[in-house]
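According to the working numbering, the sequence shown is numbered sequentially starting from 1.
Think of the hints as simulated: they come from the structure by calculation, not from any bench.
Fair warning: this is a prediction, and the values are worked out from it, not measured in the lab.
Hints may contain errors.
Unchecked claim - In silico DSSO-like cross-links for lysine-lysine, where the CA-CA straight-line distance does not exceed 27 Å:
{"#": "1", "residue 1": "K560", "residue 2": "K617"}
{"#": "2", "residue 1": "K487", "residue 2": "K13"}
{"#": "3", "residue 1": "K395", "residue 2": "K604"}
{"#": "4", "residue 1": "K554", "residue 2": "K396"}
{"#": "5", "residue 1": "K604", "residue 2": "K396"}
{"#": "6", "residue 1": "K670", "residue 2": "K80"}
{"#": "7", "residue 1": "K641", "residue 2": "K395"}
{"#": "8", "residue 1": "K617", "residue 2": "K554"}
{"#": "9", "residue 1": "K691", "residue 2": "K670"}
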Amino acid sequence: SDHMENIYGYLMKYTNLVTGWQYRFFVLNNDAGLLEYFVNEQSRHLKPRGTLQLAGAVISPSDEDSHTFTVNAASGEQYKLRATDAKERQHWVSRLQICTQHHTEAIGKNNPPLKSRSFSLASQGSCNSPGVQRRPSQNAISFFNVGHHRSSSGKRVPILQPDHLVDVREMMSQAEGQQRDLIRSIECLPVSGHLTSLDQDLLMLKATSMATMNCLNDCFHILQLQHASQQKGSLPAGTTISWLEPKISLSNHFKNGAAQSFSAEINNKPASVREEQPISEPGQLTREAEEINPDEELEDISDDKEDDLGAVEEQRSIILHLLSQLKLGMDLTRVVLPTFILEKRSLLEMYADFMSHPDLFLAITNGSSAEERMIRFVEYYLTSFHEGRKGAIAKKPYNPIIGETFHCSWRMPKSEVVTDAGSNLPAPSSSEQGTLAKDLEGQAELDYYTVKFVAEQVSHHPPVSGFYAECVERKMCVNAHVWTKSKFLGMSIGVTMVGEGLLSLLEHGEEYTFSLPCAYARSILTVPWVELGGKVNINCAKTGYSASINFHTKPFYGGKLHRVTGEVKQNATNTVVCRVQGEWNSVLEFTYSSGDTKCVDLTKLAVTRKRVRPLEKQGPFESRRLWQHVTESLRDGDIDKATEHKRALEERQRNEERLRAETETPWCTKYFLKEASSQGDGWVYHKPLWKTVSTVQTQQMDNN
């Protein structure tokens, strides 16, 4: 209360794209819980130009600079403000937050519960719910006053017995059933009339009931940890906390330790702590890197064409409920999006689909000059997004689980890879071929190249993926790590791909660094569509060639969709050697310094199918096996079932992440190692081809 004084002063307020930033005189009225502004201080006695109710508001310092901050009111209105310096911003932000907290708490204390309706929503769909049948003997007191033991100080300490934890879990399951019935009843209401599914009170009831159940689950998790520590004194290494109901068994994976059993059977022991069990079946779970034999992989025959989002109209209430909880600029990393907008593939597999033109990828190293190799890389880069996005429909791939991996490969006939008649590339020596990799044994007679791909989710918060592809025979590989940062932008969602990639052409000793554009899901309330935007750069320090590529977002008025422009130049002379323009999902036109032009129609470009191991041969945390039940449910159109499978995976991931934090157990990756990069911490494949080739060359020098 000492800090609840009224403050006032000039701040810059962002108005719109036309007028931009303007100075306005702001007044924080603590007594009324209002933020008001006037044209200037002299007009303060007049009616305010604008007023925001601070109860329920969110005050957010901006990460774009040290002066800007936003005030997001509960009504959805937003002020974007800028102070003169960081100190003044902190002064305003702290006072606004204190006022906001005070008035938000006051509303909670003074407002009575929601007015009773003339009928019971829960009774409409929950008459058969097990939650309505409660044993008379069940009460909270009896669960905790069960038994005692004396501590060293002589005080009696309550002990939670395992069977009472089971009872708590049963009651919570009943409550969860009632909560689901309540949600269904609300969503079954009409969208118009006296009482609708979009009623403000009902939307609030949905949100608070869900938050309450999440809070109860967190409390129960604490009880489990407390019970385990009382029984064992402390959590021994290798033990885990398990839910007392059948769940998808992911705990062995998230313990991130030695080989353990991976089975879905339920432990009948009453205690909530399950000991490690040795692996007794093939496909064992281990954090040791696994070498995938490309001969075990079969050509992918799945053809998961994504349906259009006609279901958006049917699911409008879910989207509106979601939007009602979001604020402009909010980070969506921890927001659970509705299942019906999901693609039938993991984000890791989407990265693999960017490699669907291996002929263009392999042709890069065949360029006879540094200039030609840079141009070929740009051609490959721009043709990768069309297949990677699987069209323009804005569906979202699964968020990978930490430790999830995806493996595949491509076989590319050598006759279909563009070569250069004037190329003088040296052929690999027989000794070098033999030492590089056992994969090449007996491949001299083969008429195809093999490109191998592996991806791994190396971090959950922040969500970071690493992926790596190589062709041993052509001595080329690409390594990349991507942190996906998503933000709510009103009627669209923006995803920034933070990270960098590195293409290595070992025959030429060249390295090409590159970045990725931002992606946007537009018109999320009607038929969402995908747009790419932003500037990316490709650089080769050794040759001095670089490329600058612009993905243009559509202007508000006029303009084309999916437009892209770019140029390749020699840095030393600043000479442009190639220009490109067109649409990244349609036709691209390349104009060379010689005056020649080439058009590439991406809709007619041949796609090479990837090769993937059958599900029965995949490890339990390879993408397709891990998400198979979600994918099958989506194929069958059973959104509820897909949501349940997805929720089970995500819930267990959250629980195990908490356990690792409490036991201070670090996560160990399987295929990628953390290394410093130009943009902070980067992730590099543990056995990149450049290390193998370097080892071979060292051995040859020693032999000579």
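Now for the hints, and whether the structure bears them out:
1. K560 with K617: Roughly 46 Å separates the two Cα atoms, so the pair is violated.
2. K487 with K13: holds (21 Å)
3. K395 with K604: holds (23 Å)
4. K554 with K396: holds (21 Å)
5. K604 with K396: This hinted pair holds, its Cα atoms lying about 25 Å apart.
6. K670 with K80: Since the Cα atoms of K670 and K80 sit roughly 43 Å apart, the hinted pair is violated (cutoff 27 Å).
7. K641 with K395: holds (18 Å)
8. K617 with K554: It is violated: about 45 Å lies between the C-alpha atoms, which goes past 27 Å.
9. K691 with K670: holds (18 Å)
When held up to the earlier numbered hints, the structure conflicts with 1, 6 and 8 and fits the remainder.
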